[in-house]
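6 protein chains.
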Amino acid sequence: MPTYHIEMMEGRTIEQKKKLVAEITRVTVEVLGGSPDSVDILITDVKRENWATGGVLWTEPRS
Amino acid sequence: MPTYHIEMMEGRTIEQKKKLVAEITRVTVEVLGGSPDSVDILITDVKRENWATGGVLWTEPRS
Amino acid sequence: MPTYHIEMMEGRTIEQKKKLVAEITRVTVEVLGGSPDSVDILITDVKRENWATGGVLWTEPRS
Amino acid sequence: MPTYHIEMMEGRTIEQKKKLVAEITRVTVEVLGGSPDSVDILITDVKRENWATGGVLWTEPRS
Amino acid sequence: MPTYHIEMMEGRTIEQKKKLVAEITRVTVEVLGGSPDSVDILITDVKRENWATGGVLWTEPRS
Amino acid sequence: MPTYHIEMMEGRTIEQKKKLVAEITRVTVEVLGGSPDSVDILITDVKRENWATGGVLWTEPRS
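These protein sequence lines map, in sequence, to chains A, B, C, D, E and F.
Going letter by letter, the first sequence gives residues 1186 to 1248 in the working numbering.
Going letter by letter, the second sequence gives residues 1186 to 1248 in the working numbering.
Going letter by letter, the third sequence gives residues 1186 to 1248 in the working numbering.
Going letter by letter, the fourth sequence gives residues 1186 to 1248 in the working numbering.
Going letter by letter, the fifth sequence gives residues 1186 to 1248 in the working numbering.
Going letter by letter, the sixth sequence gives residues 1186 to 1248 in the working numbering.
Keep in mind that the hints were calculated from the coordinates and are not lab data.
Watch out, some of these pointers could steer you wrong.
Each pair may be met inside one copy or between any two copies, as identical chains are not told apart.
Distance condition first, Cα-Cα at most 16 Å in a straight line; then the derived EDC-like pairs of lysine to aspartate or glutamate [said to hold, decoys possible]:
#, residue 1, residue 2
1, Lys1232, Glu1245
2, Lys1203, Glu1215
3, Lys1232, Glu1208
4, Lys1232, Asp1222
5, Lys1204, Glu1234
6, Lys1232, Glu1195
7, Lys1204, Glu1245
8, Lys1203, Asp1230
Let's have the full structure, built from the sequences with the hints guiding it.
Below, the structure written as structure tokens:
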């Protein structure tokens, strides 16, 4: 029943997402028990103009 | 003041969303009291490539 | 598969929560189709000191 | 380390986002201490058809 | 109508929260326009055992 | 920079959380690249009275 939300910068391939959700599910079941079917994972692809660190959007050059 | 976030697979029509938010708001006021105007609902349309159950993305065929 | 997150001010009874999740699930299946078992609902009880509207926490007297 | 999620109606310019994240980060450091680099901000641009108040989507005329 | 969620390590005082929500609301209205009453802010106090960076919980000593 | 939110039923031990965040971070770096320090994970322990599936809270007996 664990539910994951993953926010990551846009641009990952479907192959990366496939592998990531398989691995996350595997380690979750290993550590917490339960069945793989009880693990839900939702990914959000975040645009660079919508993520800021240190007060600066990731569309900007960083010093 | 209750605030809802609804994540659902993309592809619902505007008519379905209209009806869903009206009904959710109605039952919320019925059960919790308060005014309809205090109920906010935000919907996220999730792409199949961004939702996994059992370690498999919903773009994949399921056995 | 729709997943709901409901944030509401703390203080609701279990009876209210029971009724609310039953009703939300019922209207969701009515409007979107699918089976009730595919509907997950997570509630967050928010403390008054952790919610602000108009720049003022809900622990404060409101004019 | 504070992490912000801001949901707002779509349509803001990059200039507004730039200014907003700079200001949010500045006031956060002023009030909570810590370094600007520890502040992350994620923005979600919400479509009008995905936000409802009072049981009515923001695509609808409001009385 | 912007809605903020702020996650921060537990331990901030009510005074800090009061000041933070007032300032966040002020800069939001300055940059985006609209009325202060349309700004909602929800704070989550996160326990150190529930936040990890670099694969290590914040309850652990950091090298 | 990926940021994880994990919602799970309350009752996991600190040892389980330690192991889970270490493993999640490891597989994330393996699949997406980047440094472990860029991975943040926030856990929410959800009470049984705050999670419903099929319209029924997890405090209730299930048929």
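Inset, instruction - Sort out which numbered hints this structure fails and list those numbers smallest first. - result: Hints 3, 4 are the ones this structure does not satisfy, whereas the remaining hints hold.
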